[in-house]
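Here the structure of chain A is known, so what remains is to put chain B in place on it, guided by the hints.
Chains A and B, in that order, are what the protein sequence lines are. My numbering puts the first sequence at residues 175 to 439. My numbering puts the second sequence at residues 175 to 439.
Calculated from the structure, these hints are not laboratory results. It cannot be assumed that every hint is accurate.
Identical copies look the same in the list; a pair holds intra-copy or inter-copy alike.
No farther apart than 30 Å at their CA atoms in a straight line, the calculated lysine-lysine pairs in the DSBU-like style are these [to be verified]:
hint, residue 1, residue 2
1, Lys309, Lys222
2, Lys209, Lys363
3, Lys286, Lys364
4, Lys201, Lys286
In case you want the letters, here they are:
Protein chains: 2
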Amino acid sequence: MKREKILVVKIGGNIIDDENALRQFLKSFAKIDGKKILIHGGGKLATKLADQLGIQQQMVNGRRITDIETLKIVTMTYAGWINKSIVALLQAEQCDSIGVCGVDGALIPATKRVVHDIDYGYVGDINFENIQADKLLQLLEIFGTVVIAPITSNQVGQLLNTNADTIATQIACAMQNYYDVSLYFCFEKKGILSNPNDDSSVISSLDKNYFDDIKKSGNAKDGILPKLENAFLAVEKNVSSVKVIHAEDLIEDISNNIKGTLIHA
Amino acid sequence: MKREKILVVKIGGNIIDDENALRQFLKSFAKIDGKKILIHGGGKLATKLADQLGIQQQMVNGRRITDIETLKIVTMTYAGWINKSIVALLQAEQCDSIGVCGVDGALIPATKRVVHDIDYGYVGDINFENIQADKLLQLLEIFGTVVIAPITSNQVGQLLNTNADTIATQIACAMQNYYDVSLYFCFEKKGILSNPNDDSSVISSLDKNYFDDIKKSGNAKDGILPKLENAFLAVEKNVSSVKVIHAEDLIEDISNNIKGTLIHA
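Bound conformation, chain A alone (with noise of 0.2 Å):
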């Protein structure tokens, strides 16, 4: 029997920061048929209030600590003021979309991350097996698109921040069992670069050995790795389709299916 596909988008923040480029993603992507998820990073919003407030941003091996005041920004501006904006631009194009995080519902179960050697601070967890699957389902029969920021909880109430391309990989491996899903990383770039200093160096293809070779020359740029990890998760837990893609080739990836990289087994 043929599964009814589904629409599973991650936008990072060079998007959001760009009040324009938001607002052509959006209009692209408010024209899509069929049931879709969005999942929106921060961009460098939070990090300019938190300037704002004098909070300083602590660091640890080039990632950041999520302490109490960094928590409340995060949810304030990624579940706050990003996600509502994204939700009302929507509206404005006649996609019907609900905004929501991972603690409406308890749709995404999160647990505090252990300390080993670092303390993350208010950092959650998260494993597709735990998603609430069933309303999220439910969700979109109702809206058709569901908006989703990167902020989870616990059993005991505590708010957690989240890595936005984790929560996409961990949802699209949760909905892969209800429909035939299609995850898309958006991010700058026109794909996985074999030379990151060359933007027209787009891997078409990219399959596990190609990665590790990646990995062992040791020049992909920050983000990356993480990234490409979460796809081959995902390719893992059987997902139809995972590519890597700038976001002003989603629409025509949708179609002719020849853009950015696909990521494979």
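What follows is chain B alone, placed relative to chain A:
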């Protein structure tokens, strides 16, 4: 035919500002059986954040003007931090719930307030006849409890700040078509007082004539008159029960109906 009951509760600033009071309130609220809608204001958090950011709050005739920076702040605090904190705490009390604002699913369509002598800025006016009751009913079926932040938007994607008492009232009016609605305005007094300086002078039953007397007397405290205007609008639209009550007394009143001030025709 006896209709199902639903509770529509507005909680105000004083309880939001006090972490312990909020936690206590939510603990009791979580225990109430049946479908319920909780509308929250924002308390002093938005004002505090505006102060920290050096954003001057403009007041005209004692009413706040929502400029674009203030809009961002109220959206972040109301729809972000407060809404998600409430939902996380309810979930921790085994009360399933979803947090939304009027923007989500275009649940509460608004129009930007028309400028007559005063430009209130990004403020949204609403009417219960436009509320998408069918979607709200579906959310109540799935989650049982819906928590609503007082942010709305118009048809072209502009976010708008909307009074939480007004939202509670209009939601109650919209729900009355489907349920017997009990509408509670919870605040920091035991009810409407006959003597504003005597907390024990609670008026147990207040009709329109009595309200007219209070208005004429000119000694009602700030904010009481608009709250009562809202309460009487709900009465006029046949909402089954309308009360103004202390947050701490809500649970007791639900079982014995002897607390607070009953508003009636």
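Each hint tested on the structure:
1. Proximity of Lys309 to Lys222 under the C-alpha cut-off of 30 Å is found in neither arrangement, the shortest distances being 34 Å within a copy and 36 Å between copies.
2. In this homomeric assembly, Lys209 and Lys363 come within 30 Å of each other (Cα to Cα) only inside a single copy, at 26 Å, whereas the closest approach across copies is 47 Å.
3. Taking the shortest Cα distances, Lys286 and Lys364 never come within 30 Å of each other, neither inside one copy (34 Å) nor across copies (40 Å).
4. Only between protomers do Lys201 and Lys286 lie at most 30 Å apart by alpha-carbon distance; the minimum there is 23 Å, versus 36 Å within a single protomer.
Of the numbered hints listed earlier, those contradicted by the structure are 1 and 3.
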